[in-house]
Amino acid sequence: MSAGFDRRRFRAMLVKEARQIVRDPSTFLIAFVLPILLIFLFGFGVNLDTARTDIGLSRQDDGAAARALAGAFQHSRWFAVRQTGAIEPLENALVAGEVHGIVVIPNGFSREAAAGGGDIQVITDGSSPNTAGFVASYADGVRASWAAARAAERGQPAAPPIALVPRFWFNPALASRYFLVPGAIAIVMTMIGSLLTALIIAREWERGTMEAIMATPLGMGEFIASKVIPYFLLGIGSMTVCTLIAIAVFGVPLRGSPLALLVIASAFLIPALGLGLLISATTKNQFVASQIALLTAFLPGMLLSGFLFEIPSMPRWVQAITYAVPARYLIPPLQTVFAAGDNWGLFLPDIAAMLGFGLLFFTLAIRANRRRIA
Amino acid sequence: MADTVASASGICKRFVKDGALALDGVDITVAAGRMTGLVGPDGAGKTTLIRILAGLIVPDDGDVTVLGRPAIDSDRSMIGYMPQRFGLYEDLSVIQNLTLYADLRGLPVEEREESFGRLLDFTDLKRFADRLAGKLSGGMKQKLGLACALVRTPRLLLLDEPSVGVDPVSRRELWDMVKALAGDQVGVLWSTAYLDEAEQCDTVTLLSEGKCLHAGPPQALTDSVEDRIIRLFVPEEARRKVLRKALDADGVEDGAVQGASVRLMLEKGARRPTAAALGAPEDAEIRPARPRFEDGFIDLLGGGPPGTSALAEHYRAIPRGDMPAIEAKGLTKRFGDFTAASDISFSVSNGEVFGLLGPNGAGKSTTFKMLCGLLTPSAGTGAVAGFDLRHAKADARQSLGYMAQKFSLYGDLSVRQNLDFFAGAYGLDRREARDAIDRVVEVFHLGRYLKDNAGTMPLGFKQRLSLACAVMHEPPVLFLDEPTSGVDPIVRREFWTHINGLVEKGVTVLVTTHFMDEAEYCDRVMLIYRSRAIATGTPDALKAGAGKEDATMEDAFITLIEASRANENGRDAA
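Here the protein sequences come in this chain order: A and B. The opening position of the first sequence corresponds to residue 1 in this note's numbering, with each subsequent residue numbered one higher. The opening position of the second sequence corresponds to residue 1001 in this note's numbering, with each subsequent residue numbered one higher.
Next up, chain A with everything else stripped away, as it sits in the complex (with noise of 0.2 Å):
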């Protein structure tokens, strides 16, 4: 390949990725409806807020307290309770996993109470630890709230000297989907950016057209540059369709600006694409470049952005990798111009390390590009 660009070549080079796009039934199916498929996925299928959860309740006190607090229990939204004297059935229960956790209402709690204490115990199945903490925390709490409630009746001050009153901002009935639907379109972006782009080029390589064109006088610059830029187009169309469904089909709000949205997209295609030159400029085969956007760009985009897990509770040495994954500067911005609304201040660090990002991977395709060719 020559240096230097020529309108005439890249126009040549531009419609003919356009025709492929167009004839590629497979191009259609990560563009469009893969993703339209992921939305809903999270829209409706994946849900991280809680219904009633199973669990046992064993009350091994006869005290109107012990049958007060129980009562608590079984009229808890959060639970639905199977309640017996001894633990022995609901132990069996837990093993078998019908129940996900069981709470003891020990002998003599009743009198313990009287006297101002009153502990009970909560057995949950660590090998689910989220349904486990659900469970333990939601446990607690019911233990907690009767017992404000039983001193208020008695006059006395609320046990605790401190009230905590939850007050969720942006997304008042934290519904999960608010914040997994803006998710769904950086998986939907990074998919296109950077694995669609790395299987295009593989495939050049593998249909032997590659070198036909290389023989050319075509550009590094007017080659990338074709393959960028209907990529980049395709990337933010499907992003607009994703978000289009978000708002009407469930009535996610988005309250920043679309131009918002649209710079904020389009500052993460650029490392997307980046990635996604560098792989194929690694591989000439289309399963070792699925398999390499899976690994570097798919999964950390899914993991380590954010998205799904928050960050600051990873571990420290997790949450240092993360500053190396592009996507963790998109998942910010991208629920803020969702849930929030414009916030320049906000955006303007993560654009620019995500730009940043861009910018290294580009050089580095490129860089290996030349390399490999020459």
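There's no promise every hint is true.
[What the hints assert, rightly or not] Taking beta-carbon pairs under 10 Å as the criterion, some of the chain A residues facing chain B (in silico): (1) Asp6; (2) Arg9; (3) Arg11; (4) Arg23; (5) Asp24; (6) Asp62; (7) Arg77; (8) Thr209; (9) Met210; (10) Glu211; (11) Ala212; (12) Ile213; (13) Ala215; (14) Thr216; (15) Leu218; (16) Ile224.
Honestly, the hints are just simulated from the structure, not real lab data. By construction, the Cβ of each residue, glycine as well, lies at the ideal position given by its N, Cα and C atoms.
Take the given structure of chain A and dock chain B to it, following the hints.
Frame of chain A; chain B shown alone:
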């Protein structure tokens, strides 16, 4: 001396650090208006050299000048390059492919119409201008690939095995097209594994394992074995035995079966032996014959293998039954609306070599796979060693040895592990397996590769290993699908020595090939073209049908294809 458009000297290239040299001090010159042949077996370094001239690869050592500048920096708009798979976008139409390459190579827009018209006329693709390139036949793709390389008349035209696997008519048409379109301003570099194509070039560079064995006019190499080629006319049933004895005789360097005769190359300075000394009847006629380029190549490589096959020596004698060894009755395979093989019928008797000849995509391998039980026929029946493929597939398979086209062993297992696996797969017990493996390792010289991954061996050894795996259980019937594709002529000779030896033991062989001259080894040949059998007969009978003196199998095939095409056109018209 014509203008030099490209030259390279002392080219060395190594792909793997400390690995073998892909090119080892190669020189080449391409002159304007001339056809330069780049000839050699697969893996010789042809493609690497062409890519270096195209500026796609930088050599480790040596100078490359293309159009007066270093290759990496040459004027690419003046280079026409057709890579091995033609470099076409299969999801674009014929005209879209042409337009793309016209734009990339900077063909002035006002010349486009004239250039496209001329190329489409020449390639006879005008009717298909809007058809997707992926929907063209092999021969048409090849012509379109050439048209794309010539869309702006280049000064250097690089063609990487343009003719591999296409039918002989298309090959000949392509050659004429290049001659006519290139004219006297273009330097053409034509790479090929077909040695007969080399003879037609103005000058030839012969590569083998990265080294240049011959550079200059092909005639110079052919002449070097002048007066050393003879043909020995013997009774048809005796030719294999005579060839074996002759090759083992003193003073004979190489030999092959040619129809009902045996063609031999004598050692340099050897006196012409008597028929009796060659193991033929005393009254057998001996005639001098014209040397070929291949003879010169074999002479450079030090002569062919001896005539006795160590493999056949130890092979069990196959009892001759009354049943035909292989029988195909109306075999037909349709994939959707595409018919890959149509109404193929033949019967091969015990101890016969039967050849299926035809270009890639004609239906040879499909027929083969149906007879092996790998594909279920859409219509028709087949039987191997008396076992009907419909009811006794497993028995039929157990009685045949199958060597697939392309390397189909486990590349990431060692040679030893591959042999163990196939011995087990064919149900040999431990002792039989050990004996069989020891024998094939010795016969095929696999000893030094036993611990290496099979995939890393040179092509010739891969083919040997494939054959070894197919014959370990000493089957009465052998199916060989393109066994000699891409290997050098010495390995080809070795394969045919084994095949001839096994046939003498009573083994029946079904073989496919697109090397027309290999058909000469067969007792009978079936020509397959566009999924139909267009002729069946002995090689000599088919050659006689070509209606010209000293016709080759290729001439015969071309005559038959043209007749078949005329027939089709007649049907279309009616």
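- Message: Of the numbered hints stated earlier in the document, which are not met by this structure?
- Response: 6, 7, 16
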